[in-house]
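Enquirer: What follows is each chain in one-letter form.
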Amino acid sequence: MEFANFPYLSTILFSCVVGLLVILVIPAERKMLIKWVSLVFSGIPMVLSIYLFFAYDKAQGGLQFVEKVLWVDSMGIYYFNAADGFNLPMLMLTGIVLFTGVLTMWELELRVKEFFAFTFLLVAGVFGVFMSMDLFFIFVWYDVSLFPMYPLIAIWGSTRKEYGAMKLTIYLLAGSALILPAILYLFVNSGLNTFDIVALMQPGVFTPFQQKFAFILLYLGFGILAGVWPFHTWSPVGHVAAPTSVSMIHAGVLMKLGAFGVLRVAIFLCPEGWQYWAQLMAVLATCGIVYGAFVGLAQTDLKYVIGYSSVSHMGIVGLGLATVTVDGLNGAVFQMFAHGVMTALLFSSVGYIYEKTHTKMIPELGGMSKIMPVASGYFILAALAGIGVPCLASFWAELLVFISAFKTYPVRGALAICALVVGALFMLRVVQRTFYGEKNEQFEHLPDLTFVPGIPRMILAAVIVLFGLFPSVMLDVIQVASVPFINGLP
Amino acid sequence: MMNLWTLFIPELYCLLMAVVFFGLAMSASPNPRRDYFAALFMAGVGVVVALACVRLEGTLFFEAYRVDLFSQVFKVMLAMGFFLVVCLCTELNGIEERHHPEFYLFLSTCTLAMMMLVSSVELLTIYVALELSSYSLYILVPLRRGDGIDVEAGIKYLMVGACASAVMLFGLSYIFGVTHTTYLVEIVQVLPSVIGTPAAIVGLLLMLCGFFFKLAVFPFHFWAPDVYQGAANQVTAYIATASKVAAVAIIMRVVALSGGNSKYLVDVLVTLSIASMTLGNLVAIVQKDMKRLLAYSSISHAGYVLIGILSMSASGYASAIFYALAYLVMNLCCFLVVVKVAHDGSDLKIAQLAGLHRRSPLLAMALMLAVFGLAGIPPTIGFTGKFLVFAAAMEKGYVTLVIIAMINATISLYYYILVVKAAYLMESDEELPGLPVSIPTKVLTVVLVTVMVVFGVFPHHLLEVARAAARALM
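Listed in order, the protein sequences are those of chains A and B. For the first sequence, the numbering used here assigns the number 1 to the initial residue and increments by one for each residue that follows. For the second sequence, the numbering used here assigns the number 491 to the initial residue and increments by one for each residue that follows.
Hints were generated in silico from the structure; no laboratory data involved. Keep in mind that a hint or two might mislead.
List time: in silico DSS-like cross-link candidates among lysine-lysine, alpha-carbon distance up to 27 angstroms [unchecked claim]: (1) B/K753 / A/K113; (2) A/K439 / A/K356; (3) A/K167 / B/K932; (4) A/K31 / B/K911; (5) B/K932 / B/K886; (6) B/K753 / B/K886; (7) B/K932 / A/K113; (8) B/K886 / A/K35; (9) B/K911 / B/K932; (10) A/K356 / A/K370; (11) B/K886 / A/K212; (12) B/K911 / A/K167; (13) A/K167 / B/K778; (14) B/K932 / A/K31; (15) B/K646 / B/K753.
Sample of chain A residues with no beta-carbon within 12 angstroms of chain B, all distances over it, derived [what the hints assert, rightly or not]: (16) K35; (17) W71; (18) I155; (19) M201; (20) P230; (21) K407; (22) V452; (23) L489.
According to the in silico footprint, chain B covers these stretches of chain A (three or more CB under 8 angstroms from chain B) [unchecked claim]: (24) 73-87; (25) 177-184; (26) 343-357.
Glycine included, each C-beta is placed from N, C-alpha and C at the ideal position.
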């Protein structure tokens, strides 16, 4: 424990910031150098976040690796980072997706310097939200993570990229237009003159009315980013338009930011508001699950398929949060992690196929498993994980959510389970039509994924299988945070 | 006596500059380099002088003129704004060479007038200072070399300005009638007790009209787009920054007179603020010309600043001061790019920004940060300013106002993104050459960008200064 006071969390954060600054001073022509620098500075957060996940003392629980510095005296703003059972899986997820995302974009040739600079800015924001325990900083990092999405999609994207990028940015920042008033409302009404979440979450700080009012603003604001139905429409469009690694980071990590914001800010600070609005949350989440599954059935573009399955899967996170139970919370956080890794793998595989065939339309593909067995294998694995096949990470998450949802809201739970079957149907249909059946002669000569470009997919696949086989590794950590939290509810 | 005159040093220094350029204007042969370096040097020293005088306190001219931290902080901002605008004048192609000394001369008198404006605590002094600054600008606007659009802009500015100042004089007469004095110190003792009477509230509002004209608050905003477009780029930069900062200062002084307990005044200010934000943002969306876009954006920013002012609390005034400084820096950064890209002195269409990321990555980045700052995205100073302003309004319980303002900020994001899109995504039809940026310009750009980011991330010290200045005001 001699490293107990080492600022691990800040190191993760500043690794991204320093990476950004280093990239800014490298001349744009040195593309290889930029990629290697990116790899190094994305490797550090990954290693550290995995280390923290396992170094967290589960027996002790609570907030660990705390760093707290007074930032603005007169307003009680603290630079306050800490890790608990809720954000450790998210930090690890971000680390893994960032690293594999950088590897996935190894072949990039267009405006390399700017691409990686924006990526690091984005990810710094994401890490910041996940680790911060101060409302002001959560909001700052949240906005920092949103605006690089515009250039990232609009410059390097495809398929209606400018429309998708603009829609996404406006939607998400409209969300933050609801969050900021809510945060200021809580700040002013607490009377404590602090943005410190730990101080603000003490019982009795806010009246029930204040909690209900702030909760709905925060839920809708963060919910837009979490793809809560009916505010999800930016998400499939944005996913389709974005380049591969941005889709990975975006669907894999950024949408979790919304769900995590609901958890960390709305639920933590307004538990009574949470209980009051839980019914509505459950309705919207169920709508999202059902809607995503059915709309996904009709899609012919592989990326749209994944986009709508994301809406459906994020609905499961929402449903878990809406149950107000330990199992529901565990399942929701686990699902955030599992879905993040799984979607990253899906986008990564589609990215490879698109790069080689220049199409992601299902009817034009076909028999891909005979042409690219390895790339297809990764996609199929991730698709199976999405369906909820046992021994893969999502299975446990979805199981937990559905059990607790079925207990709390039998009708909505049953509907969601039916939708899951539809979801399975559409995923299997996609797999069948894209990877089996008649192969398209035109693509026959195309090379399969070789070992080195396969590394990022390998890492992601390994994580899915690992946490599918040993779910308790994840659940034990989440439990440490969720059990005391639910027991402490008024 | 010597002691008293030291209080007046920043103003005297501006007067000296005006005299120097008056002398230079007499010389027969135009010499732009000489004029530029003289202006640059003197404006630079001006900043130092203003900074050196920041701690002075006292009153002058039969108590009509107060020097306190509030006024001195604004004088520093004005001197900085002036200096930075002069920095943009390396290629002053928008104005004929023989008029360059006059250009600097009137910039100096205008800065002088604005410095006087932020220190005046007597109605007639305020009026004289305001008119001096306006008249300088009336001359600067049509100085542009061009096809008559400058004259149109100049006339429009003069007409609207004259109307506003007539209305203001009318308001001053009401205030005098109600309070029997022209000294703000005495008005502030009398006015809160009579603020409920129609005469007092009408007088105060009419008086504010003159300043709203300066700040381009709805419904006194009509001049802004035409004047921004018609004036030379550097003059527009000055109008958009220094002039706005002075207007913020004087509006704060006048609003502080009410003592903070007039519901009517608050209601009117809330209405104007919402109207300004909404109108500015919605009309900005359809603009094709960069300067017109910035004009409408400035109208909406006037609305945001008003939110801080109408909170009428120490934190509200402090946030407005912070916001004014943030606005100064971000807008100057935008105009830096305008001036450098349109280096022949012409107007800049947004489409002409195409390919900027290739022609000059540094300017493109500066522009992106500046417009995202204007949109209120962290980690820029613009976000911190908005945050403070909204926090102050929330303290007073204006939840709806804050939500409307945030929705407006989201709307504004659309057109700011269009600017970023032009600079980063569009490629121009013909192959444009790279945009050579000289070393001093690079340094200036980097400094502005650093200020925007560093004070956005570490607002603590700046906020303390703003708070101290706000305390001096109250």
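Enquirer: Does A/K407 clear chain B by more than 12 angstroms, comparing its Cβ with all Cβ atoms of that chain?
Expert: holds, 37 angstroms
Enquirer: Is it correct that the beta-carbon of A/K35 has no partner in chain B closer than or equal to 12 angstroms?
Expert: holds, 19 angstroms
Enquirer: Take the C-alpha atoms of B/K753 and B/K886, compute the straight-line distance between them, and say whether it is at most 27 angstroms.
Expert: Holds, because 12 angstroms separates the two Cα atoms, which is no more than 27 angstroms.
Enquirer: Per the coverage rule (Cβ-Cβ under 8 angstroms, at least three residues), is the segment 177-184 of chain A covered by chain B?
Expert: holds (count 5)
Enquirer: Is B/K886 close enough to A/K212, meaning Cα to Cα at most 27 angstroms?
Expert: Since the Cα atoms of B/K886 and A/K212 sit roughly 20 angstroms apart, the hinted pair holds (cutoff 27 angstroms).
Enquirer: Please settle this one: A/P230 was flagged as non-interface, so is its CB more than 12 angstroms from every CB on chain B?
Expert: holds, 18 angstroms
Enquirer: Straight-line Cα separation of B/K886 and A/K35 no greater than 27 angstroms?
Expert: violated, 50 angstroms
Enquirer: So if I understand the rule, the pair passes when the alpha-carbon distance is 27 angstroms or less; does B/K753 with A/K113 pass?
Expert: violated, 54 angstroms
Enquirer: Holds or violated: B/K932 and A/K113, Cα atoms, limit 27 angstroms.
Expert: holds, 20 angstroms
Enquirer: Mind checking the alpha carbons of B/K646 and B/K753 for me, to see if they're no more than 27 angstroms apart?
Expert: Distance ~34 angstroms between B/K646 and B/K753 Cα, so the pair is violated.
Enquirer: Hey, A/K167 versus B/K778, does the alpha-carbon distance stay inside 27 angstroms?
Expert: Cα-Cα ~21 angstroms, so holds.
Enquirer: Would you say the segment 343-357 of chain A counts as covered by chain B, given the rule of at least 3 residues with C-beta under 8 angstroms?
Expert: Violated, because only 0 residues of the segment 343-357 of chain A bring their Cβ atoms closer than 8 angstroms to Cβ atoms of chain B.
Of the numbered hints stated above, those contradicted by the structure are hints 1, 3, 5, 8, 15, 17, 18 and 26, listed in ascending order.
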